[in-house]
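Asks: Okay, here's what each chain looks like letter by letter:
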Amino acid sequence: MLKILKYSFFDLSRSLWSYVYFLFYLLLGIILLFLNNDLSNAVITLMNVIIILVPLIGTIFGVMYYYDSREFTELLLAQPIKRRTIFIGQYLGVAISLALSLILGLGIPFVAYGLFESAAIWNFFSLLVSGVFLTFIFTALAFNIALSHENKIKGFGLAILLWLFLAVVYDGIFLLILVYFQDYPLDKFALIASVLNPIDLSRILVLLKLDISALLGYTGAVFKLFFGTSQGVIISFGVLALWVVLPVYRIIRVSAKKDF
Amino acid sequence: MVSIKNLHKKFGALVVLNGLDLEINQKGIIAILGPNGSGKTTLIKSLLGMVVPAKGDIEIAGEKVKDHWNYRKDIDYLPQIAHFPGNLKVNELIRMIKDLRGKDARDKELIEFFKLEPFLDKKLNNLSGGSKQKVNLVLCFMFDSPLIILDEPTSGLDPVSLLRLRDLIQQEKAKGKTILITSHIMSFVEEVADRIVFLLEGKIYFNGTVSELKTSTGQPDFEHAIANILTENNA
Ligand SMILES: Nc1ncnc2c1ncn2[C@@H]1O[C@H](COP(=O)(O)OP(=O)(O)OP(=O)(O)O)[C@@H](O)[C@H]1O
Ligand SMILES: [Mg+2]
Chain A
1 MLKILKYSFF DLSRSLWSYV YFLFYLLLGI ILLFLNNDLS NAVITLMNVI
51 IILVPLIGTI FGVMYYYDSR EFTELLLAQP IKRRTIFIGQ YLGVAISLAL
101 SLILGLGIPF VAYGLFESAA IWNFFSLLVS GVFLTFIFTA LAFNIALSHE
151 NKIKGFGLAI LLWLFLAVVY DGIFLLILVY FQDYPLDKFA LIASVLNPID
201 LSRILVLLKL DISALLGYTG AVFKLFFGTS QGVIISFGVL ALWVVLPVYR
251 IIRVSAKKDF
Chain B
1 MVSIKNLHKK FGALVVLNGL DLEINQKGII AILGPNGSGK TTLIKSLLGM
51 VVPAKGDIEI AGEKVKDHWN YRKDIDYLPQ IAHFPGNLKV NELIRMIKDL
101 RGKDARDKEL IEFFKLEPFL DKKLNNLSGG SKQKVNLVLC FMFDSPLIIL
151 DEPTSGLDPV SLLRLRDLIQ QEKAKGKTIL ITSHIMSFVE EVADRIVFLL
201 EGKIYFNGTV SELKTSTGQP DFEHAIANIL TENNA
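Just so you know, the sequences run in chain order A and B. Residue numbers for the first sequence follow the UniProt record's numbering, beginning at 1 and rising by one. Residue numbers for the second sequence follow the UniProt record's numbering, beginning at 1 and rising by one.
Among the clues, some could well be false.
[Unchecked claim] List of simulated lysine-lysine pairs, PhoX-like, C-alpha gap at most 25 Å:
#1 K175/B <-> K115/B
#2 K115/B <-> K98/B
#3 K6/A <-> K122/B
#4 K258/A <-> K10/B
No lab work stands behind these hints: they were computed from the structure.
Hey, can you work out the whole structure from these sequences and the hints?
Replies: Okay, here's the thing in structure tokens:
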């Protein structure tokens with residue numbers, strides 16, 4: 001497994017895009033800190049970017065890496081290596097290197113700005129944790145789609161559609177339902193619908209940490225009640241973890257039956 | 001060495017292997033022949049666990065293939081179409097496979113044998129088809145395993161390299177290895193093969209020596225004997 005990881009890293013370290021991604025976060029962090037001149041505000045702006053962008057990048061890198069390394073995969077399959085090791089190794093290679101870009105790219109400017117002396121450190125930390133979860137989730141989803149579709153264009157298109165659905169369309173439908181059924185008590189529905197979508201869930205976890213739940217409107221109180229309890233937090237992280245574990249499990253299942 | 005029982009494989013509606021049985025216990029060179037699309041590559045990939053059969057059992061050196069992987073450390077495999085990571089250099093690729101295999105390798109000797117030194121620092125994308133095939137051959141032969149599986153080793157090679165390959169295969173045979181080989185070059189097959197296994201309609205249609213094939217088809221010439229099987233079966 002470590003060897004596969006090593007070669008995935010090696011492979012990605014030769015790709016220009018890994019550096020672009022890292023530099024993007026580095027610049028974003030620096031610019032936001034200069035513009036806002038305040039750690040807490042920068043964290044809020046960052047959240048809005050990260051919650052949408054991290055899933056998109058995870059999706060694109062996941063699909064691209066899977067298709068680009070098909071030759072390497074075929075070579076590995078004839079070697080005395082477990083299939084599971086090959087695919088999980090590649091998945092972890094992509095996900096870990098993306099997560100590192102995120103952590104280092106944002107971490108460096110924030111630490112340089114004096115994050116460790118600031119009260120915003122936990123907000124920033126929760127933002128990074130959400131970002132890392134989203135990276136692992138969407139890379140795994142992308143691998144799933146690519147594994148099931150030989151056709152690159154189709155796989156790519158479907159992966160982008162999935163991202164679009166979870167990042168944009170889901171919220172749209174959610175809002176429509178809230179507006180349409182506003183005469184009914186929808187607190188429970190709103191809560192469940194947000195917990196099920198990893199992007200919404202991450203957003204709420206960060207927002208609540210920032211203590212601006214009032215922004216969430218009338219459902220805010222319910223959310224605060226739920227997420228404020230340790231049970232709510234455990235459930236939330238459990239759901240995020242499930243969003244990683246289930247797709248990874250499917251990677252193992254599908255790759256075991258696939259012909260190369 | 002290799003034992004295949006009742007092997008079935010379909011791709012969608014296309015039945016490729018249909019209850020194939022094959023036992024290979026001898027050392028030496030066994031040629032797997034058959035028309036294009038008869039399932040030779042599919043059979044070979046099933047041995048390596050790259051293709052997952054629908055039904056049937058395969059054992060190699062007493063170990064079941066299904067869901068296992070360690071048996072592959074004793075197999076050298078040459079794929080029919082070499083898919084290489086294109087942005088790697090030749091020597092990087094060789095080093096990587098050696099590292100993954102964690103076994104002694106005689107890559108230097110083989111690089112010299114196939115005259116690949118000038119290409120070591122080139123990217124695989126920029127190699128000619130024949131040079132790629134030579135890299136493919138180096139990767140395959142460098143580990144000295146008791147079972148060698150060659151899927152169209154001759155493809156793309158010039159006559160000089162072809163002679164070198166033939167010598168190399170004979171050397172390996174002399175070491176007492178079992179070598180499975182597919183090829184469409186009948187003169188090559190006739191020259192090296194100790195046994196012919198002919199695949200047709202998902203089963204073994206013929207299994208014997210070259211001279212047995214000639215007698216059973218009544219054709220004195222090997223190429224005609226093969227053609228005879230094909231025309232008789234409208235393949
Ligand atoms: N992954 C796959 N998906 C769908 N069909 C496949 C796949 N692999 C092989 N086939 C089909 O199975 C059949 C047998 O293919 P195979 O490559 O085993 O033939 P072959 O005997 O090696 O032919 P050749 O002499 O041309 O190398 C072909 O019709 C091929 O199109
Ligand atoms: Mg073939």
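Asks: Against each hint, give a clear statement of whether it holds in the structure.
Replies: Hints and how they fare:
The suggested pairing of K175/B with K115/B holds, with an alpha-carbon distance near 23 Å, which does not exceed 25 Å. For the proposed pair K115/B and K98/B, the alpha carbon gap of about 20 Å is at most 25 Å, so the pair holds. As the CA atoms of K6/A and K122/B are separated by approximately 22 Å, the hinted pair is consistent with the 25 Å bound. Between K258/A and K10/B, the direct Cα distance comes to roughly 13 Å. Compliance with the 25 Å bound is thereby established for this hinted pair.
When the structure is compared with the earlier hints, no violation turns up for any of them.
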